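Student: In order, the protein sequence lines correspond to chains A and B. This note's numbering applies: residue 1 is where the first sequence begins, and numbers increase by one. This note's numbering applies: residue 1 is where the second sequence begins, and numbers increase by one.
Treat the hints with caution; some may be incorrect.
Unchecked claim - What follows is a set of in silico ranges between Cβ atoms, one per label pair, in the way DEER data are often shown:
{"#": "1", "chain 1": "A", "residue 1": "Tyr168", "chain 2": "B", "residue 2": "Ser63", "range": "32 to 42 Å"}
{"#": "2", "chain 1": "A", "residue 1": "Gln401", "chain 2": "B", "residue 2": "Gly135", "range": "20 to 30 Å"}
{"#": "3", "chain 1": "B", "residue 1": "Ala9", "chain 2": "A", "residue 2": "His150", "range": "39 to 49 Å"}
{"#": "4", "chain 1": "B", "residue 1": "Thr160", "chain 2": "A", "residue 2": "Leu78", "range": "44 to 54 Å"}
{"#": "5", "chain 1": "B", "residue 1": "Lys159", "chain 2": "A", "residue 2": "Gln401", "range": "27 to 37 Å"}
{"#": "6", "chain 1": "A", "residue 1": "Lys466", "chain 2": "B", "residue 2": "Gln57", "range": "44 to 54 Å"}
{"#": "7", "chain 1": "B", "residue 1": "Gly135", "chain 2": "A", "residue 2": "Ile49", "range": "39 to 49 Å"}
What the hints assert, rightly or not - Cut-off 30 Å, straight-line C-alpha distance, at most; resulting in silico cross-link-like pairs (DSS-like, lysine-lysine):
{"#": "8", "chain 1": "B", "residue 1": "Lys150", "chain 2": "B", "residue 2": "Lys108"}
{"#": "9", "chain 1": "A", "residue 1": "Lys466", "chain 2": "B", "residue 2": "Lys244"}
{"#": "10", "chain 1": "B", "residue 1": "Lys83", "chain 2": "A", "residue 2": "Lys398"}
{"#": "11", "chain 1": "B", "residue 1": "Lys247", "chain 2": "A", "residue 2": "Lys466"}
{"#": "12", "chain 1": "B", "residue 1": "Lys108", "chain 2": "A", "residue 2": "Lys443"}
{"#": "13", "chain 1": "B", "residue 1": "Lys108", "chain 2": "A", "residue 2": "Lys404"}
Everything labelled a hint here was simulated from the structure, so no lab data went into it. From a predicted model like this one, the values you see are computed outputs, not experimental measurements. Just so you know, even glycine gets a beta-carbon here, dropped at the ideal spot from N, CA and C.
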Amino acid sequence: MALFTLTAYKGTDEIAYPVRIFLRFDPLILVTTLLSSHVVPTALLLSLITVFFTLVFGRVFCGWVCPLGTLNDCMGRLTPKENRRKPLGDQLRRLKYYGLVFILVSSLFTLQIAGLADPISLLIRSLAVAVEPAINLMAHTLFDLLYRAHIPVVTDVSEAVYAFLKNYVLAFRQPFFYQGAFIGLIFSAILLANLFRRRFWCTALCPLGALLGIITRISPFKRVVGKGCTSCNLCVKECRTGAASDVKGEWKKAECVLCGECQEDCPEDAVRFGFFPALGPAVGRGKVAGIDLQRRGLITSLVSGILIVPIVRTTPLAKRRAGRLIRPPGALPEDEFLRRCVRCGECMKVCLTNGLQPALLEAGLEGVWTPRFDFHSGYCQYYCTLCGQVCPTGALRKLSQEEKARTKIGLAYIDKNRCIPYAQGVECLVCEEHCPTPDKAIKFEQVEIMTPRGRQRIRRPVIDLKLCIGCGICEYKCPLHDQPAIICTRLGESRADELLPF
Amino acid sequence: MSKLTRREALKLLLAGTGAALAPWPWGNFVSAATPPAPDVVISKGASPSRITEAAIQALGGMSRFVSRGDVVLVKPNMAWDRKPELAATTNPELVATLVRLCLAAGAKEVKVFDNALEDPRRAYVSSGIMAAAKGAGATVRYVDERRFRKMDLKGEALKTWEVYQEAMEVDKIINCPILKHHTTARLTMGMKNLMGLIGGDRGRLHWHLDQAIVDLAAFFKPALVVLDAIRILTANGPQGGSLKYVKQLNTVTAGVDQVAIDAMGARLFGLRPAEMAHLPIAAKRGLGRMDLGKLRIKEVQADS
Chain A
1 MALFTLTAYK GTDEIAYPVR IFLRFDPLIL VTTLLSSHVV PTALLLSLIT
51 VFFTLVFGRV FCGWVCPLGT LNDCMGRLTP KENRRKPLGD QLRRLKYYGL
101 VFILVSSLFT LQIAGLADPI SLLIRSLAVA VEPAINLMAH TLFDLLYRAH
151 IPVVTDVSEA VYAFLKNYVL AFRQPFFYQG AFIGLIFSAI LLANLFRRRF
201 WCTALCPLGA LLGIITRISP FKRVVGKGCT SCNLCVKECR TGAASDVKGE
251 WKKAECVLCG ECQEDCPEDA VRFGFFPALG PAVGRGKVAG IDLQRRGLIT
301 SLVSGILIVP IVRTTPLAKR RAGRLIRPPG ALPEDEFLRR CVRCGECMKV
351 CLTNGLQPAL LEAGLEGVWT PRFDFHSGYC QYYCTLCGQV CPTGALRKLS
401 QEEKARTKIG LAYIDKNRCI PYAQGVECLV CEEHCPTPDK AIKFEQVEIM
451 TPRGRQRIRR PVIDLKLCIG CGICEYKCPL HDQPAIICTR LGESRADELL
501 PF
Chain B
1 MSKLTRREAL KLLLAGTGAA LAPWPWGNFV SAATPPAPDV VISKGASPSR
51 ITEAAIQALG GMSRFVSRGD VVLVKPNMAW DRKPELAATT NPELVATLVR
101 LCLAAGAKEV KVFDNALEDP RRAYVSSGIM AAAKGAGATV RYVDERRFRK
151 MDLKGEALKT WEVYQEAMEV DKIINCPILK HHTTARLTMG MKNLMGLIGG
201 DRGRLHWHLD QAIVDLAAFF KPALVVLDAI RILTANGPQG GSLKYVKQLN
251 TVTAGVDQVA IDAMGARLFG LRPAEMAHLP IAAKRGLGRM DLGKLRIKEV
301 QADS
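This is chain B alone, in the form it adopts within the complex (with noise of 0.2 Å):
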């Protein structure tokens, strides 16, 4: 007799499987998982606000990253004392766009904050993201420094540092940077604004700057990551103070990749990702895809 072998009996398990699971309206499912979600979006246009919006609707709306009654963090750059127009700080429409945005798709609360480098009073008015974002419908608060809690961050570079408990209570984190210069890092997005989010002596991070942000892009993993590119500082980052270095770029790129968006703000400010040191460093550690080429880049235009 016959006897049955392992294989076969997968397959006659595989094809009963089948068989059962067969009437079953699969269809529905895999029409409304196509067309895939893009793995980054780049939106051009003239309003800030609009342009924010269309990424988000690109990526399958706020909804996506948004559930009903979630408390989410936008967490900006408003890290020092300019105006908005010297593109030191994220665009102020690009975030009150986010948080109507996210209260829209049933958050229960919208925080904003950073721990700003400068006075944040002058910070949090001058960058005009304060007015904004409390206008959209945020909670604004400053940084209390009681918060600040010593946690195990299993980073590399970062074995404990003092996190703000405010962003380990919240369920989502949007994090929506500005691109531009720094002497540093070569350019800031998203993994250096994180920094934003911690406490302690941040100046002596600059040492081991690379491996630390992405320890952090690792540890508080954000849902979102939207880059204003709208206005870019090109040299003399990340404060900046001139109108000289601010280019007009009208783009907002967008996605969940945190390597691909960093990636995408270096081809933007005209750098090939691999010049950016930390790139490498979070696509080994699985962060995240930096090959641009490989990855579904979807444009859009918002001109009305």
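Chain A with its partners taken away, still in its complex shape (with noise of 0.2 Å):
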């Protein structure tokens, strides 16, 4: 959590230690990208790491590491007592394993839908788009209130924590964006699903979870129950996952996440974690359940994880892009964008002008929650290069600022029936005074015209599209706000490499 907030932005050119390095150890995406763009990225090799911990030891990753799996363990304090005891069914268990094969297979086929489920892209993406903007607006109103009431003790102090909070947790501005309830609510269910049962996206749901229990089938690493156990069953009734057993019973170790609740919980200290405790002197057996998928599931998982790339890939907005879906600058080509980019919402948060939001259809199904620029809510800033260093997984080419200033990711257009100086005669020029680039993209040219009040010359913006980067600050500034008289489309993106008229 700190280390999201830490991912804001404090004016230099380069940003610090972001929150990205736990998708760097997440070997869901790896395996994900690796199936659907055949490149690895070195980045993610740092993912092995997890890999090599969970071969030797287990789930550690969800039980230690992985901060969704922190957050559910901090909701189900809040999970009533009748539904702590009762274990989660073997049904419901099996959804992962199908969920990721669906994933692992659909990835297979080049489509890249990892993220959606992915426990780490679901929380970054959450955080940024869903749960920072609402605790900043409540943060701000809250403090507003106080503000403006002005008590004369309670405002200074009040004044004091808002002015520390701003500085090192706020964001810098309220961020807007696309879909955040709509994210924020997948978010809330898959913490609220905690009252039905602990951890039940971990258990139940998460494809990660299911990807690092089947890696830890073969890892020496053993729970045994000594022969102490009174099979009271408290170990099995506190265990968060619904992995722990008595005696007799199997201990699901795809399930365990190595808490040690259970080691530290027994009555009898009869539970024992080690390598080959077999050879040790605590006598007993431990007794491993294996993951038992039934074959009609595993078939159906895998069918559909093949016809969802036909479905997603037969919409028309995959044969023609539309004009407006405007990329990131360092946005590789859009077909290998789509199979790297994981929606993990990261460049999203940075975006310094709050420009780039979620996608919902306009990159066509399998673009869901990719990012696109609205030049409504902001605008692609000359200098500024975060969202390349941000990206995990390349799908956003880190520029340095000379490539970023050559990047083209769309041109200006001028709607002439709406532009002051075209409909109504009258000089405006705002669009000219924020053009960044060095060589003015918008330049004048001298008209004389008729006007009510009689021969007028008057300047007129013209775009020199050469020079145009279709950075949007020329749509989000036009003083026409309702509909702005200067658009930019897609067209002339330097990623798409086409043959232009000019």
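Two chains, each in its own frame: build the complex with the hints.
Tutor: This is how it looks when you write it as structure tokens:
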């Protein structure tokens, strides 16, 4: 969480130690990226460390590292007593494996949708797009109230606290995101599922948990229940993932997140974890349950993993992209971009102007929650390269400032029916003032026009399409807020490398 | 008998007063007031901080403008995300020097802020002003959205507008703009720089820009204007972005008269003051004088 707030901007060109560090340790993202785009993102090789630990110990990542797991544990404290004691049914447990198969198969057919359900992507996205804007708004509302009330001592204290929060915790400006509510609802549902069973997400749904669960099958680390066991079933009742068992039952190894609580809780001190414990002094047997998938479910997930590819790729948007789908600078060519982007939303969080927004259907079904520019919300700052710096998979390349300044993400067009000098014969010039290219892409033409006030010479903006980089600041700043008279489309973007008439 | 006319009575009264006041040491006051401070100082030299200091010295020193215990706002142009070399923002050394002089003159606090047009986190850093001003002892904060309040500006174009309250709370405002090209206003100098103290949709001001900035100048009435013409932007303003539009003038011009300083800026740029549409409006409004021929102009050279 601390890292999440640290992924904020202080004015220099580079950004410090961002939250993507968690994504780098995420082997699900590594595997699916590998399958879908046939490249090995070197940064993601860090996740092999996670694989190694899982091979040796088990799902330690889930129990000790995963921030969503930690959040689920916090929420688990709210689970009603009667639900705490009931272990999750095997039917539900299997869901996550079917989900994993579905994701792996579809990524084998080059469809990268792992990010939708990957816990790290999901968490970062939810925090960035839904939670942070909400917390910000609440904080601002509260401190605003105190500020306006101007109560002698209280306001002084609240202002000091507010200054501190603003400096270190809150966003610099109130963020606004499309689908924040939608993404937030999904996130709340995941957290509230803890009321039904503790760590419901981790045991029933998490595809990363499933992957690690499979890997851990060959780990030599074992849980053994010794002779002292009186089958009091305290460990079974207290296990947050329903993996523990007494001396007679089977330990669900693939479910165990190695929190170690059963060992601590056991009144007889009969539970042990260790390597090759059968050889040790502790007497007893560790029975280990398999994953036990059903053929029917496995085939269903396999087939649907294949079928999802033509389903999402036969929408008209997949055939021809919408003109207003403008990607961040440094984005790979669209096909490659879609295979790499895991929708973690970090680029949207760091975007200085709040211009990057999650797509819904603008990029087709395949591009749900991928970043796109919305020039009503913000624009692409000329010198800023943050999105490329935080992207964990290289879907957005890290650009130097010079490269960034050369990268076209689209082109601007003037709507002469609305633009004030064209439509009303009055000078306006705001777009020209803000155009950031060193040689302005928006220039003036001097014209003599007939107005109700007689003949007049005025200046009108024209666009030099060779210089325009499509950053959208003109559209954002156009004084005709309702429907800007200058808009950017994706035509001419550098990555598409299309032949253009100019 | 002769009647005492009103005229004679007044004469008598005057003479009487004169006789009564004659023994006072008037000489001290008169000699302190001479020579009169120049209206406009032009200071030239290689070191930005030294020419700034020399300009203020020639005007009579900072203590003429800043009293002990004052809270002073030094208002540079740091609206853009550009490096200082690109001449889109005020020279950071100039800002730091002003901050230092204010503190030396006994100011309680010196504030530096600007309602930047681009992301302030970038503009404050890129312009180099945040670091320089902080180094000199100023308080540099970003603009707090809550502190804009709609106020009656009593202007011709600006009747009411959102004004940054911190700018209203300070005792003195020292305006330190940069001289540069601007496509709408031709040049942006002192009066235009005051747009950084207001909020609202400033893009819309461009439809009545000349009148609007005169209204701002009449409203804020800075105590001193120090115009940075050390590096000027000759084209593609107000943002620039390329060194080929930057010209080194190594000049600072300062004074109390907002109109005179903008007029001098126009001359330094190579224009006649009358070519700047806002100057006749401001002069007519009684904000100052634009006829440089009639002003006391003092040139100082600050080379080591």
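Student: Please go over all the hints and tell whether each is borne out by the structure.
Tutor: Comparing the hints with the structure gives:
Between A:Tyr168 and B:Ser63 the Cβ separation comes to about 39 Å, which falls inside the hinted range of 32 to 42 Å. A:Gln401 and B:Gly135 have their C-beta atoms about 25 Å apart, which keeps the hinted 20 to 30 Å range intact. With their beta carbons about 59 Å apart, B:Ala9 and A:His150 fall outside the hinted range of 39 to 49 Å. Under the hint 44 to 54 Å, the C-beta atoms of B:Thr160 and A:Leu78, about 51 Å apart, fit the expected range.
Checked against the hint of 27 to 37 Å, the C-beta distance between B:Lys159 and A:Gln401 comes to roughly 43 Å, which is inconsistent with it. For A:Lys466 paired with B:Gln57, a C-beta distance near 50 Å keeps the hint of 44 to 54 Å intact. In this structure the supplied range 39 to 49 Å holds for B:Gly135 paired with A:Ile49, their Cβ-Cβ distance being about 43 Å. At most 30 Å may separate the alpha-carbon atoms for a hinted pair to count; B:Lys150 and B:Lys108 meet this at roughly 28 Å.
In summary, the hint linking A:Lys466 to B:Lys244 is supported, as the alpha carbons are separated by about 19 Å, within the 30 Å threshold. Of the pairs offered as hints, the one joining B:Lys83 and A:Lys398 holds, with about 22 Å between alpha carbons and a cut-off of 30 Å not exceeded. Of the supplied pair hints, the one linking B:Lys247 and A:Lys466 holds, its CA atoms being roughly 27 Å apart against a limit of 30 Å. Proposed proximity of B:Lys108 and A:Lys443 is contradicted: the alpha carbons are some 46 Å apart, above 30 Å.
The straight-line distance between the Cα atoms of B:Lys108 and A:Lys404 is roughly 44 Å, outside the 30 Å bound, and the hint therefore fails.
In this structure, the earlier hints numbered 3, 5, 12, 13 are contradicted, and the remaining ones agree with it.
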